[in-house]
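Take the given structure of chain A and dock chain B to it, following the hints.
Here is how the chains run, residue by residue.
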Amino acid sequence: MPAPLGRTALIRRRFFRSSGAWIGLTTFVLLILVAIFAPMIYQYGPFERDLANSLTGPTQYHWFGVNENGLDIFARTMQGLRISLVIGIGTAILTSLLAVLVGTVAGYVSSKGKWGAIADGFLVNLTNLFLVVPALLLMMLFSPALQQASWLWMIPLLSLFAWMLTARVLRAMTQQLVRTEYVEAAKFMGVNPVVNILRHIIPNIASWIIIDTTLGVSAAILGETGLSFIGFGIQYPQVSLGTVLQDYNISAPYTWIPPAMVLAALVISINMMGEALRDALDPTSDSSRL
Amino acid sequence: MLRFMSIRTLTYLILAFVASSFAYLLAAGLMHPEAILYPPIAKEPVPLETAQQYLDARNINPDVPLFQRYANWLGGLVRGDLGVTTGTNKAMVPVWEELLNRVPISLRLVLLGTIIGTVLGVALGMVSAVRRRSIDDRAFTFGSFLILALPTPVIILIVQQINQGVLDLTGWGLPAINPINPLLEPGSWDAISYQIKALVMPTIVLTATAAASYSRYMKVTALDVLGSDYLRTARAKGLRRGQAMTRHGLRMALIPMGQYFAFAVGAAFAGSLFVELMFNWQGIGRFAISSISLADVNGTVGVVLYTAVLTLLSATLADFLQGVLDPRVR
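Heads up: the sequence lines are chains A and B, in that order.
Be aware that the first sequence starts at 1, since it is given in this note's numbering, and climbs by one per residue.
Be aware that the second sequence starts at 1001, since it is given in this note's numbering, and climbs by one per residue.
Chain A on its own, in the form it takes in the complex (with noise of 0.2 angstroms):
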C-alpha cells in the first residue's frame, strides 16, 4: 500500500496535472533567467546611442531593432523587463501582507463588542475610501517626487492602491471563521488575538492569499507599465518596459511589437500559474472558475 498524501504533495501533484501551470511556470522561468543573463552578454546598453543605424529593424547586431533615439531595443527590453519584475513580485507581496493585515484585523474585532464594531467600522470605511479615490491621479501625483529618491518607491507606492479589494475579501472569511468552535475555543482559552490570527485563521486563508499574490504580481506588472508609459512611472537612469513602449512608432512595428510581446508573455505566464493554483488549492472552485 502506497503512504498516504500529504497535503503539500497533493497540491505539488494537481498543480503540476495541468499543462496551463507547466507552460506558465516555464514561460515565467524562462523569462527570469533571460531577464538576468541578457543584458550580462548583450554587447549595448539600455541607453547606449547607435544613431547610425536609428530606426532599422531587428538585425544580428540589434536583435529587436533600433527605435528613433538610436537605442537597442532589446538591451531596454531585457533591462526593463528586470525592473517590471522587481516592482511586480515586490507590489504583490506588499500589497498581499497590508491586505492580509486589513482584512484579517477588521474581521477578527468586527465581533468583540462595541469597540471592535467601531474599529471595524473604521477600517471598512477606510477601504471604501480607497476604493473610491482616484489612485491613477492620487498615483501621478506622488510618484515624480517619489522617483526622485529611489525608483523602488514604487512599490510601496503602488501596494497603497491596490490591497482594498482582497481586504474585503479576507475580511468577510475572517468573520466567518472568528464563528467557529476552534477559533472560539482558543479565545476563551485565553490565547492572544494576534497568536490566534496567526495560528487559526491565517492558515485557513493561505490559499486565498496565494493565488491572489499571484495575480496581484501580474496586476502590479500592468498597473506599473502603464504609469511609466503616460512619462509617471520609472524615470530616466532606469527604464521599465512601460518606458520602453513610450518610444513606439506606429510606423516602424518592430519598435513596439517586441516590447508588448515581452510584457504579454510575462503576464499570461503568472496569469496561467495563478489559475492553475487557484485549481490546485480549492478542488472546490471549479464552479466558479473564471
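For the record, the hints were derived by calculation from the structure and aren't laboratory data.
One or more of the hints may lead you astray.
Unchecked claim - Chain A side only, calculated, beta carbon under 10 angstroms to chain B, not exhaustive:
#, residue
1, Leu129
2, Val132
3, Ala135
4, Pro144
5, Leu266
Claimed, not checked - According to the in silico footprint, chain A covers these stretches of chain B (three or more CB under 8 angstroms from chain A):
#, stretch
6, 1019-1029
7, 1071-1084
8, 1159-1170
9, 1267-1275
10, 1305-1312
Glycine residues also receive a C-beta, built at the ideal position from the N, C-alpha and C atoms.
Frame of chain A, contents of chain B only:
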C-alpha cells in the same frame, strides 16, 4: 427606495468631498508652482511685490499657511469657482472654463465605452455561462484573458497598427489622431462624419477592456445562478436552459454586477487617459497629465473633483439599478 437612495447619495457626496479635499492638500503640499518665479525657469529676478501679487492671484502663495489656502479654495468651491490654472504656465484660465471645454470630449468616450462594454460584457458572460465548454465559451474566455493581460497602451497600439495596415493596403482607414478635423467647415456633413469616424477606434479600445472584465464577472455570477435551486425548478417545469436563464436567472445574476458598474466608470476614465494621450484628444485625461506635470494645483484638483463626481453619479446609478433589480434592498 427614496430613503435608501438619499442616504447612499449623501454618503457618496461626503466621500467625493473628502477625496477632493485630500487631493487639494496633497497637491498644494507636494507641488511647487512658485518655481516659475525663481531660476532656472525665471531668467531675471522678479520683484518681491510682483511675485506676491502673482502668487496671491492664483492662491498658491507658499507664505500663506496650507490650511488658509485650502479654506480659500473651499470658499471658491461653495461659490462655484474652482480657481485659475497655475503652475509653470502663466495663462490664468479659470479651471471651470477649461473643464467645461474638455468634459464633452472625454465624456462621450467614457460613456460610450462603458455602456457598450457593459452590455456586451453581460451578454458574452451570459452566453459563456449558459453554453459552458462550447466553442463560443472558449473563444470568449480566451479573448477576455488575452485582453486583460495587456495594458491599455498595447491594446491601443494593436488597434492603431491594424488600422495603419488596412490604410496601407486599401488606402482607406479611420483617422488616428484628433477628435475633430479643424480644416473642415464646422457643422458640415464632412466634419460630422469625421467626428464619428474618429470616435470608432477609441470606443473599440474602451469597449474591449470593459467587456473583457465584465464578461468574466458575469460568467461567474451567472454560473452561480445556474446552479441554484430555483433555476433547477424552472428547468424541471420544462424551460430550456437559455429560457430559464433569461426569465428567472438574469435578474439575479445582474444584481452583483450593478456594484461593479461604479468601478467600471473609474476604469473607463483611466482608459480614456491613455486613449486621449495616444489619439491626441484634448480632453480631461490630457488636462490631468499636463496639469500634474506643470504643477498646476487648481487644475489637478479640478480633475479630481470631476472624477469624484463621475464616480458619485455612476455609484448612485449602480445603487438605483440594484434597487430596481433587487426588492430586498429597498
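Each hint tested on the structure:
1. Leu129: holds, 7 angstroms
2. Val132: holds, 5 angstroms
3. Ala135: holds, 8 angstroms
4. Pro144: holds, 8 angstroms
5. Leu266: holds, 9 angstroms
6. 1019-1029: Result for this restraint: holds, n = 5.
7. 1071-1084: violated (count 0)
8. 1159-1170: holds (count 3)
9. 1267-1275: It holds, with 4 qualifying residues against the three required.
10. 1305-1312: holds (count 3)
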